[in-house]
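Engineer: Below, each chain spelled out in residue letters.
There are 2 protein chains.
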Amino acid sequence: MKAALIQQKYHGSKEATIKKTLELIDKSQGAELVILQELHQGPYFCQSEDTRYFDLAKDFELDIDFWRKISKERQIVLVTSLFEQRAPGLYHNTAVVFDKGTIAGKYRKMHIPDDPGFYEKFYFTPGDLGFEPIDTSVGRLGVLVCWDQWFPEAARIMALRGAQILIYPTAIGWFDEDSDEEKTRQLDAWITIQRSHAIANGLPLLSVNRVGFEKDESGCLNGIRFWGNSFACGPQGEFLVRLGSDEERAIIVDIDMERTKEVRDIWPFFRDRRVEAYECLLKRYCD
Amino acid sequence: MKAALIQQKYHGSKEATIKKTLELIDKSQGAELVILQELHQGPYFCQSEDTRYFDLAKDFELDIDFWRKISKERQIVLVTSLFEQRAPGLYHNTAVVFDKGTIAGKYRKMHIPDDPGFYEKFYFTPGDLGFEPIDTSVGRLGVLVCWDQWFPEAARIMALRGAQILIYPTAIGWFDEDSDEEKTRQLDAWITIQRSHAIANGLPLLSVNRVGFEKDESGCLNGIRFWGNSFACGPQGEFLVRLGSDEERAIIVDIDMERTKEVRDIWPFFRDRRVEAYECLLKRYCD
Chain Z
1 MKAALIQQKY HGSKEATIKK TLELIDKSQG AELVILQELH QGPYFCQSED TRYFDLAKDF
61 ELDIDFWRKI SKERQIVLVT SLFEQRAPGL YHNTAVVFDK GTIAGKYRKM HIPDDPGFYE
121 KFYFTPGDLG FEPIDTSVGR LGVLVCWDQW FPEAARIMAL RGAQILIYPT AIGWFDEDSD
181 EEKTRQLDAW ITIQRSHAIA NGLPLLSVNR VGFEKDESGC LNGIRFWGNS FACGPQGEFL
241 VRLGSDEERA IIVDIDMERT KEVRDIWPFF RDRRVEAYEC LLKRYCD
Chain B
1 MKAALIQQKY HGSKEATIKK TLELIDKSQG AELVILQELH QGPYFCQSED TRYFDLAKDF
61 ELDIDFWRKI SKERQIVLVT SLFEQRAPGL YHNTAVVFDK GTIAGKYRKM HIPDDPGFYE
121 KFYFTPGDLG FEPIDTSVGR LGVLVCWDQW FPEAARIMAL RGAQILIYPT AIGWFDEDSD
181 EEKTRQLDAW ITIQRSHAIA NGLPLLSVNR VGFEKDESGC LNGIRFWGNS FACGPQGEFL
241 VRLGSDEERA IIVDIDMERT KEVRDIWPFF RDRRVEAYEC LLKRYCD
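If you read the protein sequences in the order shown, they are chains Z and B.
Last residue of the first sequence: number 287 in the numbering used here, and the count goes up by one each step with no gaps.
Last residue of the second sequence: number 287 in the numbering used here, and the count goes up by one each step with no gaps.
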């Protein structure tokens, strides 16, 4: 199965950004599955808390229609990441998956971060659709979003529900003020935790992150330098492709969907889980 | 906190192997915590299924007394990995932790593997003590054993129960018949999944593996080349030390036990877990 990872910048407006996205999709001919990064239509607006950014969610239905048509024209399965207005005052960070002109399903980001420069709890209501894989013509997709990638629970549940591949649209980057050592640790941790989900669950994994520097428009912080490094790995966590930290680029990767069975047959972790001893996982803390 | 990782070979007999262990402990002066590898008193006997190996478990109480005395003499916290005869026909793979002459606690390996050359389900009854950290004078230790390392659930529960460090005595290696690519993938996966537990839980982690080639005495398979690579990493998964794949050696590492709070305060994963949506984790499979 051929998949394309589209790693790009924000180009100053929704129109210019989408134009670039379409250009990169067109460069990905042959890909049956195309993954876009988190909130790919616009800036990463969560750097400050400002009610005017809720306007970016109002065209959710139009956005869906637009990307549905793109998936039909290109005859692809397309993973998008949109800002959803569900009702006034009720918004989600929502991945919508299209399959050659139909809506295959959607996933509302379950784990919502909130730390300086990433004020997502202001914008996004935590998802209420659970961790449900989405069936498409290229397989059953375990689509998760950004902060979810730090939670082994999310990947595990997708796998236990039959996902055949894990997919993470994301938006993560560095603060220029941090030391080089801290930057290295953060990037390396981000790569490592995601590869570990592939390993623990015997699944291939695709992660697509944005690039470019985006200023904090509120002036409180300087801004975020999104670190790219979009990558794909196989079910032993082995790298298949990995992009750089500032290139704007589409890359196609060939995923062998049969390898999961081979790997799980020699590393049968699902056989040996001690489910009767895991109750503590349903608690906030076990003190 | 200074910890020593003792990576060694099997020396042909229990006596010779323990002599080498003590020599390496003596070379670790200054370490407050000493970690031995899985089943460090003998060979990795699980390469074949043979009832005579159950005899190796009969001196469990004497073994405990021996290592308790060592921990007292050296004034150390000592993590051992012993073959426990609990009753005739009932055996466990048990980590016993000593604290300067007292038994601090024990952990019976919960996840038991079984694949060619690693026939552990024949020998070890799955642990029935759960995932309980062990309190010692150097901190609350989340001791897990070998195969446990592939299960994010085990590390998470230890962390939710207040473990301050994750510790894995282990015995894993290559088959010479495997390709170099497969060997690289396996070693890399083993390192990656363990680093991911440090990252997901914001905890330092110590992993101690054996080295050396051990023949399959049954003659069915050739044997296992244990790959060493014992390592320590910090709460962002960053390497602190890492040993080679064939050196027999003790290495001391300085663990900053205060870094967990710093790292968790910027990456507050425990705050954001969606515990109400995790029920599927308690099932074998969610079909």
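No wet-lab data here; the hints were simulated from the structure.
Be aware that one or more of the hints could be misleading.
[What the hints assert, rightly or not] With a straight-line cut-off of 30 Å between C-alpha atoms, the simulated DSS-like cross-links for lysine-lysine are:
(1) Lys121(B) to Lys261(Z)
(2) Lys2(Z) to Lys183(B)
(3) Lys20(B) to Lys283(Z)
(4) Lys261(Z) to Lys183(B)
(5) Lys283(Z) to Lys283(B)
(6) Lys106(Z) to Lys121(B)
(7) Lys69(Z) to Lys20(Z)
(8) Lys121(Z) to Lys2(Z)
(9) Lys183(Z) to Lys2(B)
(10) Lys215(B) to Lys19(B)
Engineer: Against each hint, give a clear statement of whether it holds in the structure.
Structural biologist: Cross-check of the supplied hints:
| no. | hint | result |
| --- | --- | --- |
| 1 | Lys121(B) to Lys261(Z) | 22 Å, holds |
| 2 | Lys2(Z) to Lys183(B) | 26 Å, holds |
| 3 | Lys20(B) to Lys283(Z) | 44 Å, violated |
| 4 | Lys261(Z) to Lys183(B) | 19 Å, holds |
| 5 | Lys283(Z) to Lys283(B) | 16 Å, holds |
| 6 | Lys106(Z) to Lys121(B) | 42 Å, violated |
| 7 | Lys69(Z) to Lys20(Z) | 17 Å, holds |
| 8 | Lys121(Z) to Lys2(Z) | 35 Å, violated |
| 9 | Lys183(Z) to Lys2(B) | 26 Å, holds |
| 10 | Lys215(B) to Lys19(B) | 21 Å, holds |
Of the hints listed earlier, those the structure fails to meet are numbers 3, 6 and 8, in rising order.
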